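*Asks:* Below, each chain spelled out in residue letters.
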Amino acid sequence: MYEKRNPKARWLLLTSSVITMTVATIILVIGLKMAQPLEPMIQKGLLAVDLIAWLVALIMPFVRYNWYRARFTEEEIDIRQGFLIIKEIIIPIERLQKISLETGPLDRLFGMSKVIVYTAGGEETIRFLENERAEQIGEVLKNRINRYAIRSREQEIKKEERTLNSREGQVL
Amino acid sequence: MEKREIRNLHNHPSYIIESSWGAIFVLVMLVLNNGTNVVRMLHSYESQKNFEFIGMLGIFFLYSVLMIFFSFRRWKLTVLNIVDGSMTWEQNTIFAKKQEIALSTISNVNLEQNLFERLIGTYKLKIDTSSLSTANKTDMKIILGKEDAFMLQNMILQLMRGESFEEEANIEEVVQGRDFEEQGIEKKQNLSAMQAQSAKNPEAMQDAASSADIQEKRPFQEELPFQENMGKYAIEISAIENIQCALASINESMLGIVLSLFLIAVILFFAMLVSGAALGEAFVSCAAVALAAGGFAKNIGKKFLYCYNYKVRRSGKHIYISSGAIKKQSYSVPVDKIQAFRLNKTLLGRLMHRTSVSVINIGGEQDDVNGQLLLPAVLDRDLPAMLAKILPEYHITAQEELCPRPKRVLWRKQLVNLFTKAVFVILSSLLYTKYAVEEFQEEGLFFAADFFVVMIPLVGCLWILWNSINLFLAQKTEGIKIADQLLTVRRGGFSWEQIEIPYDKIQQLTTKQDLLKRFMHTKVASIHMLASALANVQKIPEFDAKQIEQLQEKFQSTILA
Chain A
2 MYEKRNPKAR
12 WLLLTSSVIT
22 MTVATIILVI
32 GLKMAQPLEP
42 MIQKGLLAVD
52 LIAWLVALIM
62 PFVRYNWYRA
72 RFTEEEIDIR
82 QGFLIIKEII
92 IPIERLQKIS
102 LETGPLDRLF
112 GMSKVIVYTA
122 GGEETIRFLE
132 NERAEQIGEV
142 LKNRINRYAI
152 RSREQEIKKE
162 ERTLNSREGQ
172 VL
Chain B
4 MEKREIRNLH
14 NHPSYIIESS
24 WGAIFVLVML
34 VLNNGTNVVR
44 MLHSYESQKN
54 FEFIGMLGIF
64 FLYSVLMIFF
74 SFRRWKLTVL
84 NIVDGSMTWE
94 QNTIFAKKQE
104 IALSTISNVN
114 LEQNLFERLI
124 GTYKLKIDTS
134 SLSTANKTDM
144 KIILGKEDAF
154 MLQNMILQLM
164 RGESFEEEAN
174 IEEVVQGRDF
184 EEQGIEKKQN
194 LSAMQAQSAK
204 NPEAMQDAAS
214 SADIQEKRPF
224 QEELPFQENM
234 GKYAIEISAI
244 ENIQCALASI
254 NESMLGIVLS
264 LFLIAVILFF
274 AMLVSGAALG
284 EAFVSCAAVA
294 LAAGGFAKNI
304 GKKFLYCYNY
314 KVRRSGKHIY
324 ISSGAIKKQS
334 YSVPVDKIQA
344 FRLNKTLLGR
354 LMHRTSVSVI
364 NIGGEQDDVN
374 GQLLLPAVLD
384 RDLPAMLAKI
394 LPEYHITAQE
404 ELCPRPKRVL
414 WRKQLVNLFT
424 KAVFVILSSL
434 LYTKYAVEEF
444 QEEGLFFAAD
454 FFVVMIPLVG
464 CLWILWNSIN
474 LFLAQKTEGI
484 KIADQLLTVR
494 RGGFSWEQIE
504 IPYDKIQQLT
514 TKQDLLKRFM
524 HTKVASIHML
534 ASALANVQKI
544 PEFDAKQIEQ
554 LQEKFQSTIL
564 A
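Protein sequence lines, in the order shown, are assigned to chains A and B.
Counting in this note's numbering, the first sequence runs from 2 upward without gaps.
Counting in this note's numbering, the second sequence runs from 4 upward without gaps.
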């Protein structure tokens with residue numbers, strides 16, 4: 002079953018979008034004022050692009066939130082995200098090397114965290130988690146990684162012992 | 004004293020100075036260079052201009068103080084805990100970060116000292132795992148005093164091996180490494196025993212001395228380096244064969260660029276002559292372009308030199324490769340470290356019936372970062388026998404065994420190819436006609452002006468045709484096979500490559516589907532593996548969504564419970 006998303010994540014994404022677009026608009030306005038007198042058509046074009054970007058920035062957080070799913074089983078992590086382009090990622094837990102819990106200043110404002118899992122082939126971020134849930138997931142994954150790593154080491158030791166025994170048998 | 008955990012371990016206080024030394028340096032320079040001047044200016048209430056100068060200095064001063072403050076804050080809020088076989092590195096600054104590393108996944112624990120640390124007497128403990136994201140940097144590092152650093156390193160190493168940690172009373176033993184000393188004592192005892200035995204048996208004396216000598220020189224190797232243990236090579240490529248291998252390894256892009264540049268050189272030569280330029284001038288322009296073509300063509304020679312005297316053999320769990328004319332190289336490839344197996348065939352290779360074989364593993368440099376070459380472009384009929392000699396674990400999946408791509412993908416790609424490139428060519432022609440023709444005519448280059456009016460659409464059409472044929476060939480070539488133990492994917496058009504990946508080597512699987520692919524019920528995927536940067540992501544081309552879902556299910560079913 003997919004993890005229940007925290008509703009606060011929508012507002013976090015919206016706040017982040019608004020801040021980004023505000024900064025971008027300020028830079029655009031300053032740029033337009035400082036630039037050589039531009040053709041009115043180009044000025045209007047740039048402002049229209051900015052307006053469209055604002056529209057997208059206000060809608061996308063809700064779309065992203067609705068189209069994000071993450072699931073944890075005994076064996077794997079399954080993440081599904083995206084609306085225009087649906088991306089699905091499967092990561093076996095036994096392949097995990099490291100886990101990182103990150104909280105930015107905005108995340109802290111909304112009580113959210115993200116968990117980043119690292120494998121030998123790359124990394125993936127699990128988003129829209131409450132702090133406690135992120136800690137819980139981090140703890141569970143950490144214990145499972147340890148279990149898999151210990152089991153794999155035990156199997157290697159047994160394999161080495163078998164090889165040594167067979168060599169001794171040959172020598173005798 | 005048995006100790007299995009560490010709580011709230013901070014960096015050494017010198018971390019504050021080390022991480023903010025730049026800010027401290029600026030602060031000191033500001034004070035030394037401007038301190039008395041500033042005091043004098045403030046005292047004498049000089050003009051507006053000096054207040055601006057004082058303001059600038061004030062900003063630098065404030066920035067430096069802030070940096071030092073942040074370093075202090077980072078030191079205070081960063082702690083290391085080792086509890087229950089897991090290491091937690093917490094940084095509770097503006098961007099809070101908490102890294103959890105299971106001790107059993109740690110690959111390296113190193114100690115380092117820069118100049119400042121040597122003066123202060125501290126050590127930097129660096130911990131690495133096998134995660135790809137931190138391949139070029141350390142996963143975690145902490146600065147500690149000498150005792151703490153060695154104690155922590157020892158503790159982590161012992162806990163990694165699943166042993167219980169016993170704190171060493173004598174730091175010198177830890178520093179020199181008790182295990183190393185024990186090895187040294189053991190070596191000496193073995194040597195004495197061997198010498199005693201050899202005294203009884205003079206014939207064995209020579210062998211004992213040489214083996215002891217080898218043991219002394221290379222105590223950590225189980226077998227001699229293969230250069231000293233050369234058996235007969237299973238495969239040797241002759242010089243003539245090597246020329247053919249080098250030719251067959253040229254891909255069509257390279258071939259296209261070289262031929263195009265030569266063609267441009269010839270056309271330019273005649274165009275300049277017709278336009279009234281001097282013979283020497285035309286020749287120089289032509290030669291410049293021809294040299295550029297030669298620069299691309301040098302890769303053929305490079306390949307020949309790389310694969311000169313190519314020899315391969317298999318011994319136990321290693322494959323040994325030796326080759327090279329000017330730069331000799333000898334590699335050993337551990338078979339169990341192979342992540343994937345790859346066949347490559349270029350356009351010329353198709354015509355010459357030659358295929359090269361490479362494996363994807365970790366490491367490599369320059370030519371090998373995209374995979375280690377096992378066999379250069381050898382004849383198709385000889386390939387199965389050659390492969391059986393050096394890598395019998397893999398067999399070549401025939402094209403007939405692969406499921407092809409759906410035809411609807413071809414039609415879509417052809418339409419997109421036609422439309423996008425046609426728009427590009429038409430726009431280029433229009434822009435040329437509007438802006439460049441007049442300039443050519445003003446300079447009297449009428450032939451050149453008319454020439455490009457014809458050439459741009461002509462080259463554009465050839466480009467569209469070339470891509471169209473490539474897409475058609477890709478449809479015929481590409482395929483996928485989802486077997487029990489491994490995945491086989493063939494991708495490409497004029498040149499193709501076939502990659503075989505065992506499921507247990509896949510680190511993560513990602514599938515993607517945009518709006519158009521959703522409508523057409525197709526998907527693309529990518530596989531992440533433990534390999535060097537160029538080779539660690541292997542793309543699976545567009546196939547039927549059901550096939551990609553089958554791959555997902557197969558991958559999930561092979562994951563251990």
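Don't read these hints as lab results, they were simulated from the structure.
Remember, predicted model here, so these are calculated numbers, not experimental data.
Glycine is no exception: its CB is placed at the ideal position from the N, C-alpha and C atoms.
Worth double-checking, as some hints may not be accurate.
[To be verified] Here are the simulated lysine to aspartate or glutamate pairs, EDC-like style, with alpha carbons at most 16 angstroms apart:
| no. | chain 1 | residue 1 | chain 2 | residue 2 |
| --- | --- | --- | --- | --- |
| 1 | A | Lys5 | A | Glu131 |
| 2 | B | Lys100 | A | Glu131 |
| 3 | A | Lys88 | B | Asp339 |
| 4 | A | Lys160 | B | Asp339 |
| 5 | B | Lys542 | B | Asp487 |
| 6 | B | Lys79 | B | Glu21 |
| 7 | B | Lys100 | A | Glu103 |
| 8 | B | Lys515 | B | Asp487 |
| 9 | B | Lys542 | A | Glu103 |
[As the list claims (entries may be wrong)] Listed next, the stretches of chain B that the computed footprint assigns to chain A, with coverage defined by at least 3 CB atoms under 8 angstroms from CB atoms of chain A:
| no. | region |
| --- | --- |
| 10 | 102–112 |
| 11 | 261–270 |
| 12 | 290–300 |
| 13 | 503–513 |
| 14 | 516–522 |
*Asks:* Is the coverage entry for the region 290–300 of chain B by chain A consistent with the three-residue Cβ rule at 8 angstroms?
*Replies:* violated (count 0)
*Asks:* Would you mind confirming whether the straight-line C-alpha gap from B:Lys542 to B:Asp487 stays at or under 16 angstroms?
*Replies:* 20 angstroms, violated
*Asks:* Checking one constraint from the list: CA of B:Lys100 to CA of A:Glu103, max 16 angstroms. Satisfied?
*Replies:* 4 angstroms, holds
*Asks:* Count the residues of the region 102–112 of chain B whose Cβ falls closer than 8 angstroms to any Cβ of chain A, and tell me whether that reaches three.
*Replies:* holds (count 7)
*Asks:* Given the hinted pair A:Lys160 and B:Asp339, is their alpha-carbon gap at most 16 angstroms?
*Replies:* 14 angstroms, holds
*Asks:* Is B:Lys515 within 16 angstroms of B:Asp487, Cα to Cα?
*Replies:* 23 angstroms, violated
*Asks:* Between A:Lys5 and A:Glu131, is the straight-line Cα distance small enough, at 16 angstroms or below?
*Replies:* Given that 16 angstroms is the threshold and the Cα spacing comes to 10 angstroms, the pair holds.
*Asks:* Closer than 8 angstroms Cβ to Cβ for three or more residues is the test here. Does the region 261–270 of chain B pass it with chain A?
*Replies:* It is violated, with 0 qualifying residues against the three required.
*Asks:* Compare the distance between the alpha carbons of B:Lys79 and B:Glu21 with 16 angstroms, and conclude whether the hinted pair is satisfied.
*Replies:* With Cα atoms ~14 angstroms apart, B:Lys79 and B:Glu21 stay inside 16 angstroms; holds.
*Asks:* Would you check the hint for A:Lys88 and B:Asp339, treating anything up to 16 angstroms between C-alpha atoms as holding?
*Replies:* 32 angstroms, violated
*Asks:* Count the residues of the region 516–522 of chain B whose Cβ falls closer than 8 angstroms to any Cβ of chain A, and tell me whether that reaches three.
*Replies:* holds (count 4)
*Asks:* Straight-line Cα separation of B:Lys100 and A:Glu131 no greater than 16 angstroms?
*Replies:* 15 angstroms, holds
In this structure, the hints that do not hold are numbers 3, 5, 8, 9, 11, 12, in rising order.
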